[in-house]
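**Q** Okay, here's what each chain looks like letter by letter:
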Amino acid sequence: MFISAESLCKSYGSGDGKNDVLKNVDISLEKGHIGVILGPSGSGKSTLMNMIGGVDRVDSGSIIVDNDNVAGFDDDALTEYRRKNVGFIFQFYNLVPNLTVSENIEVCANISDSPLRLNEILSIVGLEDKKNRFPRELSGGEQQRVAVARAIVKNPKLLLCDEPTGALDFETSRDVLSLLQKINREFGTTILMITHNIAIGDMAHVVYKLRSGEITEVIRNDEIIPAERIEW
Amino acid sequence: MVLNKRIFRMMRENFGRYTGIILLIFFASFTLVVMGGIGQNLGRLLTSFAENNRQEDISFTTDYPISDIGEIERELGLSMEDFISMDVELSQSQTLRLISPNQKINIPALNEGQDLSSSGQILLENLYAEANGYLPGSTIEINGKTFTVTGLISLPNYIYPLKNPFDILVSYSNFGVGIVGREDMEASGGYLRGYTVRFDDSNTSINQQAVILRERLENEGVNISDWIDNRNNKRMSVPWASVTGMQSMSIPIPIAMFLLCCIIVGIMNRRIIRAESVIIGTFYAQGYRRRELVRHYMVIPVLLPAIGGLSGVLLALPCLSPGVNAMLMYYNVPFTGIEWNVLHIALGVLLPIILMGVSSYFIIRRQLSQTPMELMKGDKHKTKVNALERVVNLEKFKFNTKYKLREQMRSISRLLFLLFGIMGASALMMLGFTIQNSLNHVFSSSTEGTYDFAYEYSFRQWHYGTAPEDAEVFSAEKFYPEGNEIMEFYVTGVQSDSEMIFLEDLNGNPLSVNQTIITRPLAERLKVGAGDTVSVIGKRDGKTYDFMIDAVSGTQAGQFIFMPIAELNIKLGLPKDAHIGYWSNIRLDIPGDQLSGMKSLEDVENAASEFMGPMLSAIIAMTASACIIGLIIIFLVTSLIIEESKKTISLFKIFGYKKKEVRSLVLGGTVYIVVVGFLLGIPLMALSMGGIYGYLGEQINMVLPVIVNPLYIIICFAAILLTYEVSKMMCARKVDRVAMSEALKSNAE
Ligand SMILES: Nc1ncnc2c1ncn2[C@@H]1O[C@H](COP(=O)(O)OP(=O)(O)O)[C@@H](O)[C@H]1O
Ligand SMILES: [Mg+2]
Numbered sequence: 028m029f030i031s032a033e034s035l036c037k038s039y040g041s042g043d044g045k046n047d048v049l050k051n052v053d054i055s056l057e058k059g060h061i062g063v064i065l066g067p068s069g070s071g072k073s074t075l076m077n078m079i080g081g082v083d084r085v086d087s088g089s090i091i092v093d094n095d096n097v098a099g100f101d102d103d104a105l106t107e108y109r110r111k112n113v114g115f116i117f118q119f120y121n122l123v124p125n126l127t128v129s130e131n132i133e134v135c136a137n138i139s140d141s142p143l144r145l146n147e148i149l150s151i152v153g154l155e156d157k158k159n160r161f162p163r164e165l166s167g168g169e170q171q172r173v174a175v176a177r178a179i180v181k182n183p184k185l186l187l188c189d190e191p192t193g194a195l196d197f198e199t200s201r202d203v204l205s206l207l208q209k210i211n212r213e214f215g216t217t218i219l220m221i222t223h224n225i226a227i228g229d230m231a232h233v234v235y236k237l238r239s240g241e242i243t244e245v246i247r248n249d250e251i252i253p254a255e256r257i258e259w
Numbered sequence: 026m027v028l029n030k031r032i033f034r035m036m037r038e039n040f041g042r043y044t045g046i047i048l049l050i051f052f053a054s055f056t057l058v059v060m061g062g063i064g065q066n067l068g069r070l071l072t073s074f075a076e077n078n079r080q081e082d083i084s085f086t087t088d089y090p091i092s093d094i095g096e097i098e099r100e101l102g103l104s105m106e107d108f109i110s111m112d113v114e115l116s117q118s119q120t121l122r123l124i125s126p127n128q129k130i131n132i133p134a135l136n137e138g139q140d141l142s143s144s145g146q147i148l149l150e151n152l153y154a155e156a157n158g159y160l161p162g163s164t165i166e167i168n169g170k171t172f173t174v175t176g177l178i179s180l181p182n183y184i185y186p187l188k189n190p191f192d193i194l195v196s197y198s199n200f201g202v203g204i205v206g207r208e209d210m211e212a213s214g215g216y217l218r219g220y221t222v223r224f225d226d227s228n229t230s231i232n233q234q235a236v237i238l239r240e241r242l243e244n245e246g247v248n249i250s251d252w253i254d255n256r257n258n259k260r261m262s263v264p265w266a267s268v269t270g271m272q273s274m275s276i277p278i279p280i281a282m283f284l285l286c287c288i289i290v291g292i293m294n295r296r297i298i299r300a301e302s303v304i305i306g307t308f309y310a311q312g313y314r315r316r317e318l319v320r321h322y323m324v325i326p327v328l329l330p331a332i333g334g335l336s337g338v339l340l341a342l343p344c345l346s347p348g349v350n351a352m353l354m355y356y357n358v359p360f361t362g363i364e365w366n367v368l369h370i371a372l373g374v375l376l377p378i379i380l381m382g383v384s385s386y387f388i389i390r391r392q393l394s395q396t397p398m399e400l401m402k403g404d405k406h407k408t409k410v411n412a413l414e415r416v417v418n419l420e421k422f423k424f425n426t427k428y429k430l431r432e433q434m435r436s437i438s439r440l441l442f443l444l445f446g447i448m449g450a451s452a453l454m455m456l457g458f459t460i461q462n463s464l465n466h467v468f469s470s471s472t473e474g475t476y477d478f479a480y481e482y483s484f485r486q487w488h489y490g491t492a493p494e495d496a497e498v499f500s501a502e503k504f505y506p507e508g509n510e511i512m513e514f515y516v517t518g519v520q521s522d523s524e525m526i527f528l529e530d531l532n533g534n535p536l537s538v539n540q541t542i543i544t545r546p547l548a549e550r551l552k553v554g555a556g557d558t559v560s561v562i563g564k565r566d567g568k569t570y571d572f573m574i575d576a577v578s579g580t581q582a583g584q585f586i587f588m589p590i591a592e593l594n595i596k597l598g599l600p601k602d603a604h605i606g607y608w609s610n611i612r613l614d615i616p617g618d619q620l621s622g623m624k625s626l627e628d629v630e631n632a633a634s635e636f637m638g639p640m641l642s643a644i645i646a647m648t649a650s651a652c653i654i655g656l657i658i659i660f661l662v663t664s665l666i667i668e669e670s671k672k673t674i675s676l677f678k679i680f681g682y683k684k685k686e687v688r689s690l691v692l693g694g695t696v697y698i699v700v701v702g703f704l705l706g707i708p709l710m711a712l713s714m715g716g717i718y719g720y721l722g723e724q725i726n727m728v729l730p731v732i733v734n735p736l737y738i739i740i741c742f743a744a745i746l747l748t749y750e751v752s753k754m755m756c757a758r759k760v761d762r763v764a765m766s767e768a769l770k771s772n773a774e
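Chains as they are written, first to last, in our numbering: chain A, 28 to 259; chain B, 26 to 774.
Hints are computed from structural coordinates only; laboratory data are not their basis.
All figures in this text were calculated on a predicted structure; none of them were measured in a lab.
Treat the hints with caution; some may be incorrect.
Claimed, not checked - With a straight-line cut-off of 25 Å between C-alpha atoms, the simulated SDA-like cross-links for lysine to any residue are:
no. : chain 1 : residue 1 : chain 2 : residue 2
1   : B       : K402      : A       : G168
2   : B       : K129      : B       : T56
3   : B       : K684      : A       : D103
Full structure from sequences and hints, please.
**A** Below you can see the structure in the form of structure tokens.
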């Protein structure tokens, strides 16, 4: 297993206001697979992903990623872990507004020992002609593709996508999803994706359904549907 | 209004920034009131002392007494009083000038002790007495006779107690003035006889009246020496240079700082309103009027300058008296107390409020003029890219550099604030050093380089013949350009084989002294060069003289024309061997009543180092304040940058940037602007210094060159960089504290 998280617990607050966000969650994902976490708003999806990505800490439980126990890392080790292994994609793109497209991609290339070439990345995401634009001058879908480019430029082992299509319309969403699928195929990048759109589950190897901090169902797909064919 | 509760919250949240702005305003108002107040009070003390104690307009010495003083006074409408004086050497390096008591002109002000009541008593000029430990009651040995100090005084004609009226620096350990009874001096003999004159008619120019007086005296056959009017007498004119200097700095510096504060407050206003545009839109929609909201947002832009200005003025008030008294360590004027200038105080408090209030009002009004819909839709400016960002091509740079530069360009007003702020702070810092350097240069070039002798003896009357061994003769006469009598200068005749004077051309090559050479400062003021002819008026006889200039010398020693002594004598209609003084390497034994002055170059050097001591602390104070201003400015900008880039900082952290890397990216960019601002500060400083010097130089008829010393530039640069590092340290924690959740919060941009 590439990712295997066991008995994850996380709560915020204390006493009466204590909010148990994750209750004994187990999930795992094989190397090179796409995993989807499905669940309604507030169910703890982002919290779970943040812990796997090493930006938040567990209360208890273990998270093994590529044979390392991320849950046991200190701050420096977590930084190193995110730097080397993890790419992030967010619902609202989170591009740096005063950097151009290529500069936004450089943000991550800059801390990688062997980043992919900028032109190569731009052609993968189809933005060669827009590399000197500022984010504000791009459509939502284009911005998300810049975010994808930024996440994969350092060729991470793990790509974490928190509702990557949450702010996009249907057509654009499908473009972005097929881009992710292409990356998964070409680079063998393991992808963990959050969504509350059940249809997206069809392009994943495994789907975890989360409700109120508990895994309610695990679906393993034998047949992976190409993203272009997903409908909703 | 409920809204006003938010003000306290905003104050708390922006505590560091608001404190910085308040400090800047505080500093500006303080400077305005203290510097303006010192200048004004010193001016007032000088004027009232000159009036109340009847400062002389003219003084001169003669060989024989003038018999018809009463008649002259009546006819020409003036007061004239005779005095006798003699210089006694108390030690190798200390001269005390004794003067007989006056009743009509230059009346001493008794600061401490008692007036003279009998023979064997002396009144001492305050600064000399203090420097040498004489108190009323102590005794002083003069020419073998013991005198008792009965009182300490200020003298209207020795406010800046220079030994010779053309010196620059006072030295209290080398020279002092005392008043003793006439009989005490007459007993020992060897004294000078002189007269002081004060004109009754203050409407006619002193020059015109002086010419009439001089004509009349010369017609009577009076042999006049050492004729000097009080505008050319540095003992009375130098203090006015301080007054002017203080007053000319007291307005521009504070105004520049107030304007800087306007920019930064403007930036912050805009930021706050943009960040709150949704709330504002909602308030509008609920029926709040724009006036009410404008008033709400105006509270802070008025409160900050009010606090800063008020506290600056309040702290300035108790500092004014010590400030004036510090000036009185150089100038001997009776201290009769401080007068407040209501205008300065009002300006110190109101000017920042008005400037900041008005500028904020327009910014706020403009921001609030959007429709409620526009406002509620949120921040349309946040991600806007400005023209500068769009135009600049940064492709060649490494990412880190690119990012840092982009961050600086994010807001043009912020960029200008930082640039101008650093320019001003650097200029201020270098100003202190440059003043020191220029003065140092003036002092040292008046002793080193040009002259190679130890003593200069000036006679009261022309002498004839040759110089004693180890000495050279020189002659000198005062001239001025027509219509500019204040710009007096000497034409000095030197031996054509002189070994005591060395002049170099503008390129540093030695010049033969067997020709007519003009010094560079004088050449510049007269606007002449080699080959030109200078036409000037002789001070003594009012006739026009022409001098054909052979060469210009690069020396900064002062305003002179040097020429062979024989040629000058012929021009002046004197025998070839006439001379007015000796330059000598050894002490000469010349009776005191023949001399109008004796200058020891060693004393001049001592005076320079004595002067530079207190000067140094002033420079350190200036540099330190410049550093603090710079620190506040960089801190303000950096903290704004951090706040504006919170999300980006958070992203950097998520992506795995290390603490140090994030700090360097976020805090490192300002250094470019700091360096550029510093570099631009150099010409700014040179220009403003040139302006001030030009003005002051005219006032005291002296050339003050602006000399920028690379060493000092480097020191100031290091100080600015250090300041920058300190501000970085102050802000590093702010960067560290930005949480990763800042970017993870799933709210729309
Ligand atoms: N930093 C936090 N402090 C307190 N509560 C939090 C924090 N982050 C998340 N929560 C709470 O945890 C729960 C799950 O949040 P989240 O993981 O963001 O859900 P999802 O991504 O599934 O919408 C929510 O109730 C949310 O309020
Ligand atoms: Mg979420």
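**Q** Hint by hint, work out which the structure violates, then give me just those numbers in ascending order.
**A** 2
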